[in-house]
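> Generate coordinates for the entire structure from the input sequences, incorporating the hints supplied.
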Amino acid sequence: MNQPVYMDYQATTPLDERVLDVMLPFLREKFGNAASRNHAYGWEAEKAVDEAREQIAALIGAKAKEVVFTSGATESNNLAIKGVAEMYQEKGKHILTTPIEHKAVIDPCKRLEKDGYDVEYLEVDKFGQVSAEQVRNAIREDTILVSIMAANNEVGTLAPLAEIGAVCHEKGVLFHTDAAQAVGKIPVDVEAMQIDLLSISGHKVYGPKGIGALYVRRRNPRVRLVAQMDGGGHERGMRSGTLPVASIVGLGEACRLAGLEMKEEGARLTGLRDRLHQKITSELDEVYLNGHPDQRLPGNLNLSFAYVEGEALMMGIDDVAVSSGSACTSASLEPSYVLRGLGVGDDLAHTSIRFGLGRETTEKEVDFVADRVVGAVKRLREMSPLYEMAKEGVDLNEVRWNPVAD
Amino acid sequence: MAYSDKVIEHYNNPRNIGSLDKEDPQVGTGVVGAPECGDVMRLQIRVNEEGVIEDAKFKTFGCGSAIASSSLATEWVKGKTVDQALEIRNTDIVKELALPPVKVHCSVLAEDAIKAALSDLNAKKEQPAAQQ
Numbered sequence: 000m001n002q003p004v005y006m007d008y009q010a011t012t013p014l015d016e017r018v019l020d021v022m023l024p025f026l027r028e029k030f031g032n033a034a035s036r037n038h039a040y041g042w043e044a045e046k047a048v049d050e051a052r053e054q055i056a057a058l059i060g061a062k063a064k065e066v067v068f069t070s071g072a073t074e075s076n077n078l079a080i081k082g083v084a085e086m087y088q089e090k091g092k093h094i095l096t097t098p099i100e101h102k103a104v105i106d107p108c109k110r111l112e113k114d115g116y117d118v119e120y121l122e123v124d125k126f127g128q129v130s131a132e133q134v135r136n137a138i139r140e141d142t143i144l145v146s147i148m149a150a151n152n153e154v155g156t157l158a159p160l161a162e163i164g165a166v167c168h169e170k171g172v173l174f175h176t177d178a179a180q181a182v183g184k185i186p187v188d189v190e191a192m193q194i195d196l197l198s199i200s201g202h203k204v205y206g207p208k209g210i211g212a213l214y215v216r217r218r219n220p221r222v223r224l225v226a227q228m229d230g231g232g233h234e235r236g237m238r239s240g241t242l243p244v245a246s247i248v249g250l251g252e253a254c255r256l257a258g259l260e261m262k263e264e265g266a267r268l269t270g271l272r273d274r275l276h277q278k279i280t281s282e283l284d285e286v287y288l289n290g291h292p293d294q295r296l297p298g299n300l301n302l303s304f305a306y307v308e309g310e311a312l313m314m315g316i317d318d319v320a321v322s323s324g325s326a327c328t329s330a331s332l333e334p335s336y337v338l339r340g341l342g343v344g345d346d347l348a349h350t351s352i353r354f355g356l357g358r359e360t361t362e363k364e365v366d367f368v369a370d371r372v373v374g375a376v377k378r379l380r381e382m383s384p385l386y387e388m389a390k391e392g393v394d395l396n397e398v399r400w401n402p403v404a405d
Numbered sequence: 000m001a002y003s004d005k006v007i008e009h010y011n012n013p014r015n016i017g018s019l020d021k022e023d024p025q026v027g028t029g030v031v032g033a034p035e036c037g038d039v040m041r042l043q044i045r046v047n048e049e050g051v052i053e054d055a056k057f058k059t060f061g062c063g064s065a066i067a068s069s070s071l072a073t074e075w076v077k078g079k080t081v082d083q084a085l086e087i088r089n090t091d092i093v094k095e096l097a098l099p100p101v102k103v104h105c106s107v108l109a110e111d112a113i114k115a116a117l118s119d120l121n122a123k124k125e126q127p128a129a130q131q
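Residue numbers (numbering that gives the first Met the number 0), protein chains in the order written: chain A, 0 to 405; chain B, 0 to 131.
To be clear, the hints were calculated from the coordinates, so they are not data collected in a lab.
In this text, a Cβ means the ideal position worked out from N, Cα and C, and glycines have one as well.
Heads up, a few of these hints could be off.
[Said to hold, decoys possible] Simulated coverage check for chain A against chain B, where a stretch passes if three residues somewhere in it have a Cβ under 8 Å from a Cβ of chain B:
no., segment
1, 153 to 166
2, 295 to 308
[To be verified] Here are the simulated PhoX-like cross-link-like pairs (lysine-lysine), alpha carbons at most 25 Å apart as the crow flies:
no., chain 1, residue 1, chain 2, residue 2
3, A, K377, B, K5
4, B, K21, A, K390
5, A, K46, A, K81
Given below as structure tokens:
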């Protein structure tokens, strides 16, 4: 068992050895530029890129030509949102999204708001979901884009993509989804779900960092974008820059493997996640699940351990790599805006831990982590004044606290 | 963020965890912070007839630095007179634990907890009847 045990797969995943193997020749002898049309080095690179495009398209039910390579999901989200906003501004400036999107969606939206766009953040329910009805009711004449993430990175909640896609198409509004966490983990089909733009990240699917893709629908409707990176006109003019062939080949292979293994791996991870959850809750009281009980990513478990601050808990399980929604782990000193969006109180947000399970997670690791967490929470509760008060029957909501001004 | 060795040491071996009887007229209790802010510190002291802090206990909900700051505070106040304890500054705690700027508020909380415990004790002395 590697230590510390890695349980932060929503942050990033290790590069699969099989992916590395297909990449290496393109970092060595196959160094050609895919845009070199007149010699064998270029043809070799172009062929490899085309194959990768096919592999990525196959995983999401798209056509190869609809895949645009980018540096990652952040860039894909920026290109989709800003590119659509700029292209369709004559039609309108109204954009729908949610308050629990990744910052790579929120921040481009904030930028557009400064430029005079009207961005509406649909409220999510306590599980982190927006309904198709909410989207339907919010769409206006001047709505040009709906952007709703496929799976939340913190709490793992899945969106009802097909229902939302159907509403968007019925209303003639483009539908973008940030699927960085979903692609390769759960079935995603741009046709069945009527998705127009979809962001993919390489390093979330056991591919390399620094590579991603944006699916851009070419038919029914044909989506047009204003490029956000000008230059040599690569990627049908939507994203200039010499293609990083090795990374692209890696992303292609990563998608191929994910497609092959998704069903089996999803079931295995769901089992391990439930085992971890069950082991922890059988030993500890007042542990709360954040996110949806079953509409969630197989490898995500987000728990709040009442009366124990998240960073202190992570310090107590320093042989486990996880992340927390506690303010203390962020630069802003604010607790997770995602948990806040779900209506989780700041007191419980400070106690949250995200466990991310993935391809190399074993049952042995799950049992080890459960033991460590239970031990650390018990120890920290013994030194928590809140736990003592709660056990004495004090209603913590009724206490007058004395917060310290920094 | 990496923790200093002293923070880790206090976190792993906190001094003086526990409770004193808050009804005891010689015991002062200070509770500072709020659950929504991610830290609540309770510091208690027992002061003898000579005005010396005989015992100190704490319980803290908060990050490792908050736990270490309160642990250190109890260690420092023990054996000091009330006046000496009031001279402990949060900057002393920052220095001793090598706290980074984002954790300075943990030390502020610890200083405030000492002061809150002492003022609780003073309030008890001024109103002995009301306490009984």
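> Each hint: holds or not?
Going through the hints against the structure:
{"no.": "1", "hint": "153 to 166", "verdict": "violated (count 0)"}
{"no.": "2", "hint": "295 to 308", "verdict": "holds (count 3)"}
{"no.": "3", "hint": "A:K377 / B:K5", "verdict": "holds (23 Å)"}
{"no.": "4", "hint": "B:K21 / A:K390", "verdict": "holds (17 Å)"}
{"no.": "5", "hint": "A:K46 / A:K81", "verdict": "violated (31 Å)"}
Violated hints, listed in ascending order, are 1 and 5; each of the other numbered hints is respected by the structure.
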